[in-house]
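Residue numbers (my numbering), protein chains in the order written: chain H, 127 to 732; chain A, 208 to 399.
In short, the hints are calculated from the structure, not lab data. No experiment lies behind these values; they were computed from the predicted model shown. Backbone N, C-alpha and C define an ideal beta-carbon position, used for all residues, glycine too. Treat the hints with care, as some may be off.
[Said to hold, decoys possible] Here are the simulated lysine to any residue pairs, SDA-like style, with alpha carbons at most 20 Å apart:
1. 226(A) / 129(H)
2. 705(H) / 343(A)
3. 702(H) / 373(A)
4. 306(A) / 675(H)
5. 344(A) / 601(H)
6. 703(H) / 317(A)
7. 698(H) / 339(A)
8. 686(H) / 310(A)
9. 349(A) / 702(H)
10. 306(A) / 488(H)
11. 344(A) / 310(A)
12. 167(H) / 379(A)
13. 672(H) / 625(H)
14. 359(H) / 265(A)
15. 306(A) / 487(H)
16. 729(H) / 715(H)
17. 306(A) / 526(H)
18. 323(H) / 337(H)
19. 167(H) / 226(A)
20. 686(H) / 447(H)
[Stated by the list, open to error] So, partial list: chain A residues that the calculated Cβ filter (under 7 Å) puts toward chain H:
21. 240
22. 253
23. 329
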Amino acid sequence: MKTRFVMGNEAIALGAIAAGVQVVTGYPGTPSTEVLENVVKHNPKKEDGTDAIYVEWSVNEKTAMEVGAGAAYAGARVMVTMKQVGLNVASDPLMSLAYVGVKGGMVILVADDPGPISSQTEQDTRTFAMFSKLPVFDPASPEEAYQMTKDAFELSEKYRTPVLLRPTTRVCHGYASMEIPEGRYEYTPEGFVKDPKWVIFPRLSYAAHKRIEEQNRTMTAELSAYAGNTYKKGSGRKAIAAGGVSYAYTMEALALLGIDIPLLKIGTPFPFPNELAEELLNEADEVLVLEELDPVIERALVHLVGKKHLPVDIRGKEDGTAPSAGENSVDGILSILASYLGIDLPAGCVREETPALPVRPPVLCAGCPHRASFYAVKQAMKGRKAVFCGDIGCYTLGNAMPLDMTDTCLCMGAGITVAQGIGRVEPDTVCFSFTGDSTFYHTGLPNLVNAVYNDAHMVAMILDNSTTAMTGHQPNPNTGKTAMGEVAEKIDIEGALRGIGITHIATVDPLDLEAAIAAVWSAADQPGASAIIFRSPCIALFRPTKMYHVDSDACIGCRKCLRELGCPGLVKDGGKKVKIDTSLCYSCGLCTYVCPTGAIRVKEDK
Amino acid sequence: MKNILLCGVGGQGTVLASKILARSAMERGELVHTAETIGMAQRGGSVVSHVRIGEGCYSPLISRGQADVVLAFEAAEAVRNLPYLKEGGTVIVSTTAVKPVTDALSKTDYDGQVMLDYLARQNVRLIVVDGDALVEKCGSAKVLNIALLGAAARADVIGMTVEDIRHIIETTLAPKFQAMNLKALELGAASV
Ligand code: SF4
Ligand code: SF4
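So here's chain H without its partners, still in its complex pose (with noise of 0.2 Å):
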């Protein structure tokens, strides 16, 4: 027993670890990264010295989950980790393996953002467990997703089938001391076994449909005997039931207020321990439910009291009591609690109102290559009609003032096909997309084939600065390096564009402002799919070998640099002028171009 400080995403990778798992995959998403990360970071030895966990950053979502299909199938314990909207991406090999099953357990880890704090939507993984009709497990602090995790394995493997793991931010994000015990749970894989179970055929569904079905009824008793799932006796027949960090929430908030009510927590979702919420339904007249996200155990109640014939009023998201979007708070908790109760709450501090406080939106770093990208094509458009269809990563930042160039974000890789549907309706424009290099192996590919093969006139910028930026920094097929730490063959972005059949690809520095404005000119013009391949790496990858400095007699105050840029490295000086704040500048020298006279220079002293 060792006790250790860990983040909520460090303990799942501990408990996965613990629990035997052999192969990790997945592919970077907030706030689920750090899971397979410390995998990495925690892989034990075999007794030949090599890694016992094979892990991947696989290039999607759908290929890390159809990698850990194929290895549950041979009887290994796998974990697929992504985020929420990456459950999207691989919901086609998911909908199918709830049928297929598996051999070895398989747990995918799947993290949702309330709030959303990092993410395009607020979707529930809750939602889509039932969808699938797999089990889920919703940990409400690290603690618990250490053992959830291992429980997680223990139902996958006694089901056969994959059971997902979805914890939320403040969860996977959270730090926790706590013990973690020695000892990994050891097996050799029996292999795969062929059988005409693992080929999916619509008389085995039918089958496996009915099986399922059955399946979670059974699971439903044996959850409402689960550790993870509790009911605690309290005063009155006004009862609380929760889920998630959203029951730390409350407990903190009963703590604050010194009560004790009837509390049913609900640690898996689905399927729903539908007899130990009877016990609660018994006992009283009143449940509110407090959950992010979807209205899961609130519906799950409903039904049934509907089903029982239970006097219960449930109260939630859909009746207004709680909010029906957004992250909870102990704080906003102790609100509904208080008109719930009818109880007043302590009155807080009341103090003079603040002064207007600076607004800081994030922004590109300073130095970002990313900003001169965006730059150059915004220059050589000038004047010309023109979209620009963002995509997901750093360089969402783009939409940004005063660079204002992202003018459609979807999902992953939609940059590029949602510029061929508007360059469908309207032929005189010209249609950019901006993606990169990991969002381009990622689902990117595929939707320039479509470029080529229906011939659209578009320019696909690809923002090339070798790494996964947003996410901190992971591997990708760009980098040539794996998860592992592995040299591994680069797969060259230039060699696959012209691979699948586009002829004019330019590759330019965005730093060299003059000749990638020429650049996207002369792209621009071309029939067709044209690509550019903007290259210069990520700051946080090397170190400035220069300073810059605004020679301040020369800068004339027009703050041209200012106004265009949006570079955090440029400050107004207390007076007209600008300087450059030294501490943040990286040096990139996009603002020399900019300066109408001249007056940012290479400082010569360094």
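Could you slot chain A with the ligands onto chain H? The hints should help.
Just chain A with the ligands, lined up with the frame of chain H:
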């Protein structure tokens, strides 16, 4: 139970400071929970770390009016997070004012002094640390976090002593960063 909220702007080292607090508490055998800003919001945005020490913490985040201390590496961030502070709690704030990137585009200037004046008018125990002068003396803005921890330790509000922090710096930081951080620690402590 002790609740400490650290806040600042992306890149100011809030996370490292919260790690040091957590480590020290663990060495004393206490339970610790922390939570911090991760992801897109880190890029130039406001960042916070919630550090909760002791038994009875369920939520990973401190709720409003529950923080014993707000430790702010930036003046406006102290004001932004003041609602978390308990009645009569302590604010330790650096005079540092980080202009938002949007400031370059706007006509109005953000002035850190306005924030400090506001804090001074509230019913809090206020400790102002001249962060700009401190980092000037240390030769790097990167050590502001350690300087503020030093001030907080000397003010005896975070449950750890200057010695505790020194010990953690000496045992966990890479040797080449130690001298600078130890200097920042001393200067920070001396400023209270
Ligand atoms: S050189 Fe100019 S544009 Fe580039 S990081 Fe420095 S201040 Fe920003
Ligand atoms: S563009 Fe040049 S002259 Fe104009 S404010 Fe910036 S540094 Fe000064």
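Please name the hints from earlier in the document that this structure breaks, with their numbers sorted from lowest to highest.
3, 5, 9, 11, 13, 20
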